[in-house]
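K.L.:
Given next are the chains, with one letter for each unit.
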Amino acid sequence: MRLFGFQIPPVFSLLFWIALWEIAGQYELAFILPPFSDVVSELFILIQRADFQDAAMLTFRAFVIGMAISIVLGIFIGFAMGSSRMANSVLGMWVNIFASAPLSSLVPILMLLFGLGQTTIIVTVVLFSTWIIALDTYAGVNHISPSMSEMGRSFGATRRQLLTKVLFWAALPEILAGVRMGLIRAVKGIVIGQLLVSVVALGRLFRTFSDNFQFEQFWALTIILFIFALTFSSAIGWLENKVEYYANTRG
Amino acid sequence: AQENGTMRVAFGDIPGGEMVNFMIAVARAEERGVKVEVSYLQSEDLAAQAIVSGQADIGVGTPYALIQKVNAPIRMFYQLSMLRFYPVVNGEKYQTWNDLQGADVAVHGRGSGTEAIMKLMAKENGVTYNSVSYVPGSGVRAGALLQGRIDVSIVDYERSRLLEREAPGKFVFLPLPEITATDEALYANRDWLETEQKAVSILVEELIKTWREINMDPSAVATLRAKYNVLPDIEQIEVDELVPAFTQGVSIDLYPSNGGNASSVVEDFTFFTSSGSLDGVAEDLEVEDYWYLAPVEAAVKKLGTM
Amino acid sequence: MSDVATAAPLNPASATPENIVEVRNISKFYGSVHALDKINLSFPKGQMTTLLGPSGCGKTTLLKIIAGLLEPSDGEVLINGKVVNGPGPERAFVFQDFALLPWATVLRNVAFGMELAKVPKAEREDKARHYINEVGLSGFEDKYPHELSGGMRQRVGLARAMVVKADVLLMDEPFSAVDEQNRRKFQEDLLHLLAAENKTVIFVTHSIEEAVYVSDQIVLLSPRPGQIHSIIRPEISRDTSPDDIRRDKKYLDAVENIWTDLRKYLD
Amino acid sequence: MSDVATAAPLNPASATPENIVEVRNISKFYGSVHALDKINLSFPKGQMTTLLGPSGCGKTTLLKIIAGLLEPSDGEVLINGKVVNGPGPERAFVFQDFALLPWATVLRNVAFGMELAKVPKAEREDKARHYINEVGLSGFEDKYPHELSGGMRQRVGLARAMVVKADVLLMDEPFSAVDEQNRRKFQEDLLHLLAAENKTVIFVTHSIEEAVYVSDQIVLLSPRPGQIHSIIRPEISRDTSPDDIRRDKKYLDAVENIWTDLRKYLD
Amino acid sequence: MLAATSVTPHAKGEKSDRLFGMSDTLFYRILSVLIVFGVWEIAGMIPISIAFPTFSSTMAAMFEMIFDGRLIYAYGETLKPLGMGVAISAFFGVTIGVSMGLNRLSQWVWEPIFVVLQASPVAALIPLITYAYGIGITAKTVAVIMLAAPIIVLNTYKAVRNANPSLIQMCRSFQGTRLQEIWIVIVPNAAPVIFAGLRLGVAAGFIGVILAELLITPTGIGDLISYHRSIAEYDYMYAAVFTIIVFSAVMVGFLETVEIKYFRPEKKKV
Ligand SMILES: Nc1ncnc2c1ncn2[C@@H]1O[C@H](COP(=O)(O)OP(=O)(O)OP(=O)(O)O)[C@@H](O)[C@H]1O
Ligand SMILES: Nc1ncnc2c1ncn2[C@@H]1O[C@H](COP(=O)(O)OP(=O)(O)OP(=O)(O)O)[C@@H](O)[C@H]1O
Ligand SMILES: [Mg+2]
Ligand SMILES: [Mg+2]
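Protein chains in written order, with this note's numbering: chain D, 1 to 251; chain R, 1 to 306; chain G, 1 to 267; chain U, 1 to 267; chain C, 1 to 270.
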């Protein structure tokens with residue numbers, strides 16, 4: 001986008017939207033939309049609250065554990081699908097179903113099976129993110145030119161060497177793309193889980209704020225979540241770009 | 001303090017001012033060596049599900065229908081509050097019960113006392129609603145009424161006063177016959193109640209003591225909250241409303257002083273069978289199929305009836 | 001046309017010492033697709049043999065069976081008179097699409113075979129540098145494949161195969177992803193490079209000129225199921241300049257003969 | 001070497017009627033990349049001109065400027081003496097990657113130019129069938145591109161360009177995605193096909209043999225920024241058989257000369 | 001002038017065996033389904049919790065609800081806002097996406113906002129919808145749009161942006177107009193990715209409508225879930241959840257078929 005000969009970077013359009021929001025808020029055009037500036041000042045108050053910090057820490061820890069599990073599991077399933085026709089047809093069916101199913105409807109059942117603690121959040125994260133990581137890993141493995149593994153074999157690579165020195169790295173760009181999508185899905189999954197079941201305080205805060213018409217706080221909480229999701233996914237996006245750089249010669 | 005057992009309480013609602021009295025009793029029970037873990041779930045039926053599946057021990061609500069339907073040995077054991085609600089309609093659209101044919105109604109929760117009242121009145125006036133939606137929290141429903149998002153609902157005494165104050169003349173309160181029934185009770189698995197006898201009796205005793213204290217002097221709720229540092233994170237608006245709300249509650253006998261007994265259960269049977277929440281005839285229902293009164297009877301004996 | 005011997009596999013059975021690779025009675029089915037049918041071939045030590053034939057006739061299949069990357073459905077491969085199953089250090093493969101690791105530098109790529117064999121880092125990098133220099137890429141050690149042109153990438157692939165000191169080099173259309181002019185240059189360089197190393201090379205190509213230009217022996221395959229159509233030994237003297245070779249009557253005759261044979265298979 | 005005219009563009013300024021396409025003083029910058037530098041060229045009517053040069057010298061750029069698909073940074077293109085901006089019906093393009101619509105049958109692909117021009121369906125399909133037959137694909141009208149081999153796809157691309165009756169055919173490495181043997185066949189077929197049509201053809205290739213084999217005039221470009229290095233007219237008689245052409249001294253000389261010129265640009 | 005032979009596509013993979021008269025993959029798939037359901041049945045029989053019904057009772061409940069019409073009625077209710085929301089998101093989403101792909105200004109304005117919406121948990125906003133749109137079908141439709149639109153927009157945009165440049169140049173070389181270029185080349189070329197976006201949009205919209213039914217007012221399939229949960233008929237609740245998973249799998253498959261049938265004829269034969 002150019003204006004008066006200047007290049008205006010895309011993020012600036014966000015500022016444009018925020019300005020619109022501020023105006024709508026200042027003129028009280030919609031009562032659910034308080035001025036953006038109020039939301040921001042509320043945001044700083046919110047992050048100092050003890051209940052928010054507790055909820056955030058608990059959720060964050062569960063999130064990290066869950067992501068670690070689903071990355072390992074997803075990559076494993078993806079490689080299994082990529083290396084055996086049978087695993088592909090059997091696992092592929094389940095992975096595809098779960099990757100596109102509205103898993104949120106399962107969340108209340110998860111609570112029942114895994115209790116009211118951290119485990120449920122971890123399982124939610126795993127359930128929402130594993131399948132897409134598996135699918136992308138599989139796509140990555142499939143994308144590897146057969147000559148890559150033949151090259152390894154012709155130099156006498158063991159199975160293990162082939163996996164760790166060739167195939168894993170060759171599939172890495174897709175794996176990372178999958179991890180990024182899995183991460184976004186996991187954040188969404190946690191929020192949906194919180195809204196439906198509200199095991200930890202995050203969902204409770206949402207309810208309290210919307211029930212008491214505290215829209216500044218409500219938006220502040222939403223924005224914190226947005227920022228969290230965006231920061232994480234762009235961090236992985238950055239990694240992805242670095243890897244693409246090495247990998248962009250592939251056919 | 002010595003170890004007197006553990007209990008996990010699951011609420012079907014977010015923490016708010018109306019839970020302060022309960023949490024004060026919990027704090028006192030903790031002083032006496034009962035370990036209490038509280039969780040707040042999105043809705044009452046989720047909380048009930050948590051009790052049934054053993055993820056929590058104590059639930060809050062009136063699960064008559066649930067007990068009748070499912071074979072899980074759930075029993076209520078303490079009457080927390082009475083059903084005191086005020087059906088309210090938007091005066092521009094409706095005036096009487098008979099107008100509510102085909103209306104959209106909002107009540108507290110599925111299987112709740114508010115739903116039972118609205119169902120009962122529909123039956124008595126021969127009308128059928130178009131839909132019943134579940135909007136937990138009288139405050140939320142009052143807000144929605146003021147915003148014009150809903151036209152027919154039922155709110156507690158405090159919010160009925162609020163509606164009159166905020167929009168005088170806009171809302172019509174529909175008449176109700178005299179109703180004596182439980183709004184919220186504590187319930188738990190029967191086996192659990194028997195094995196955790198000690199903890200349960202401590203909790204029940206503290207509940208009765210707290211309830212009585214508040215009934216004597218509603219402003220005690222604020223001082224006790226400060227003393228025990230109960231629910232420190234609830235919003236300031238709710239803190240400000242605390243004493244007025246409890247004062248109003250006490251004035252309409254919202255908080256029973258004796259925690260329920262056989263005759264209050266029979267009154268419940270009458271109301272919930274006529275509203276349709278319970279199947280069958282009130283006379284045929286057995287108290288011990290729904291309530292486990294031993295702890296409350298023992299406590300009342302110890303503390304004296306009021 | 002004295003130099004064109006028609007059909008009949010060379011030394012079908014005897015494992016004379018000068019035949020470093022022998023293929024005996026190889027057949028290959030992919031499911032119901034019959035790719036190769038009873039192939040018998042000998043590859044004399046130190047010579048360059050080209051597999052030539054229409055698309056889909058099984059050249060790649062045959063080469064990969066020799067490399068031990070594919071199992072034949074029937075028959076066996078002998079290296080130095082011994083039956084082999086699977087890849088071995090006597091053979092090294094050069095791939096059509098280069099098969100370089102995009103995340104590794106030229107140096108690491110060239111040394112990759114030794115890395116797998118756990119040769120110490122200093123030693124393998126030393127050797128790798130030598131061959132990087134041989135293929136004309138010195139100065140590019142620390143570049144990544146995507147920073148090189150197609151021709152340069154294939155030189156990396158060649159260096160990687162040379163550095164492991166295998167006696168037999170297997171090349172599957174090594175120039176097909178390289179542009180014409182670089183390809184021509186590369187052919188000249190390849191001959192030059194191999195002259196010094198006494199390697200046995202088995203080479204797959206679609207280009208008749210390329211086959212005649214580089215080979216001692218050309219194996220023409222017929223379409224699926226691949227069978228040996230004829231074996232041709234152009235017997236061109238390689239002492240003259242590249243341009244003279246391309247004007248040599250033997251060269252031109254061989255090209256014309258092969259073209260006459262092959263064009264009837266085209267679609 | 002009488003037939004190799006060195007440098008100096010042919011008829012630089014005069015728009016003689018026999019030059020159907022003229023390129024005047026064309027320069028092209030991609031941002032700061034200087035791709036073409038002051039190119040002046042004439043393309044005689046009914047002849048085949050080849051653009052030849054090292055990779056990245058701007059061949060594709062020049063061809064697309066002539067086609068009107070790219071704007072030159074400076075200079076102009078004349079068709080039949082008139083300055084043109086943008087594509088026109090006198091020119092048709094054959095793409096390196098074929099550019100077939102994957103969701104359309106061979107028939108619809110070939111008729112696509114006329115579909116855009118809103119020619120009635122029956123009429124355009126009739127004409128399309130004729131050229132499908134000409135390029136040897138009759139029977140494949142209802143196939144989709146992915147069901148064809150590379151060579152067959154490019155024949156579809158050729159038919160699509162022929163059917164609109166443009167006087168000038170622009171081809172960007174039309175054979176680079178086709179295997180060698182089919183390519184050789186395709187070259188022969190192309191000459192045969194064009195002989196009957198009196199088309200002017202501008203052709204980009206990397207293959208020196210191909211250029212010399214098919215062209216009346218070869219334009220050699222130097223590396224970036226692309227400039228005209230020399231213009232060569234092989235003047236080979238095309239009445240003899242393909243094999244005789246490939247043995248013709250003029251042919252072999254031209255190939256050798258061009259190779260000598262170009263090999264110094266290689267990496 | 002040429003003797004043409006058709007080309008055999010490279011058949012990939014190992015050969016397939018047959019077991020019990022069916023292909024072995026089908027056999028193992030069915031086996032895996034049986035194992036999963038078997039484990040479910042056993043877990044329900046132990047039981048791992050009173051609130052965890054067996055597979056067989058869940059199926060019984062499901063068929064009961066199918067045959068007494070409750071499920072069909074519930075899906076009717078759920079599909080109303082879903083259908084409306086998806087239709088609106090598809091129409092505006094594809095339009096905005098195409099305009100972003102073709103026009104720099106439109107891209108500048110919309111891209112960041114949709115990227116943010118796509119990467120963030122918008123579901124958090126569902127409780128707010130009630131304040132703006134009440135508790136009726138409008139609110140649910142809005143919930144669907146909020147979840148479905150971003151992915152449709154972004155996929156369409158990417159598809160249009162990455163339309164094969166040589167196809168576009170081909171069209172231009174035949175003097176195609178801009179409109180022809182868009183409708184005859186760019187859009188069909190982008191169709192598979194646009195459709196992938198629509199499929200994802202439907203899946204996201206489905207989540208939206210179920211969330212709305214569980215969070216705003218219980219109707220349709222969400223009502224079946226929360227009603228049966230409230231009266232502890234867990235087998236019916238599980239049956240409802242089960243149908244959601246099956247239904248969405250069937251719907252995604254159906255969309256794939258529609259796409260191939262009407263937009264990519266060349267894939268039909270594969
Ligand atoms: N993995 C496979 N599964 C099934 N069929 C295969 C497989 N690989 C090759 N084929 C078939 O086997 C035949 C021989 O294939 P191969 O790749 O060896 O031919 P080629 O001579 O190398 O062809 P090209 O000149 O195109 O490289 C072909 O018809 C091909 O379709
Ligand atoms: N869109 C573009 N933006 C920037 N630079 C470009 C672009 N297209 C081409 N170039 C540069 O312009 C120069 C000429 O490109 P062009 O594609 O015309 O070369 P070419 O002679 O066709 O090369 P090749 O033989 O590889 O096809 C190259 O150096 C290339 O990197
Ligand atoms: Mg091959
Ligand atoms: Mg080019």
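FYI, nobody ran anything at the bench for these hints, they're computed from the structure. All values derive from a computational prediction rather than experimental measurement. There could be a bad hint or two in this list.
Simulated restraints on C-beta separations [unchecked claim]:
hint : chain 1 : residue 1 : chain 2 : residue 2 : range
1    : G       : 123       : U       : 30        : 43 to 49 Å
2    : R       : 177       : C       : 257       : 58 to 64 Å
3    : U       : 89        : C       : 87        : 40 to 46 Å
4    : G       : 227       : C       : 164       : 48 to 54 Å
5    : U       : 88        : C       : 113       : 40 to 46 Å
6    : C       : 256       : G       : 31        : 25 to 31 Å
7    : R       : 177       : C       : 113       : 52 to 58 Å
Here are a few chain C residues that sit away from chain R, every Cβ distance over 10 Å (derived from the structure) [to be verified]:
hint : residue
8    : 35
9    : 70
10   : 72
11   : 73
12   : 76
13   : 115
14   : 130
15   : 161
16   : 164
17   : 218
18   : 245
19   : 262
C-beta atoms are modelled at their ideal positions from N, C-alpha and C, and glycine is treated no differently.
K.L.:
Does each hint hold? Answer for all of them.
P.N.:
We went through each hint and held it up to the structure:
1. 123(G) x 30(U): 43 to 49 Å: Check passed, 45 Å falls within 43 to 49 Å.
2. 177(R) x 257(C): 58 to 64 Å: 59 Å, holds
3. 89(U) x 87(C): 40 to 46 Å: For residue 87(C) against residue 89(U), whose Cβ atoms are near 42 Å apart, the range 40 to 46 Å holds.
4. 227(G) x 164(C): 48 to 54 Å: 40 Å, violated
5. 88(U) x 113(C): 40 to 46 Å: 42 Å, holds
6. 256(C) x 31(G): 25 to 31 Å: The hint (25 to 31 Å, Cβ to Cβ) holds, given that residue 256(C) and residue 31(G) are roughly 27 Å apart.
7. 177(R) x 113(C): 52 to 58 Å: This hint holds: roughly 55 Å between Cβ atoms.
8. 35: Non-interface label stands for residue 35(C): nearest chain R Cβ at 25 Å, farther than 10 Å.
9. 70: 16 Å, holds
10. 72: 19 Å, holds
11. 73: 14 Å, holds
12. 76: 15 Å, holds
13. 115: Check passes; 30 Å lies beyond 10 Å.
14. 130: 6 Å, violated
15. 161: 41 Å, holds
16. 164: 49 Å, holds
17. 218: Nearest chain R Cβ is 6 Å from residue 218(C), so the label is violated.
18. 245: 20 Å, holds
19. 262: Holds, because the least Cβ-Cβ distance between residue 262(C) and chain R comes to about 38 Å, which exceeds 10 Å.
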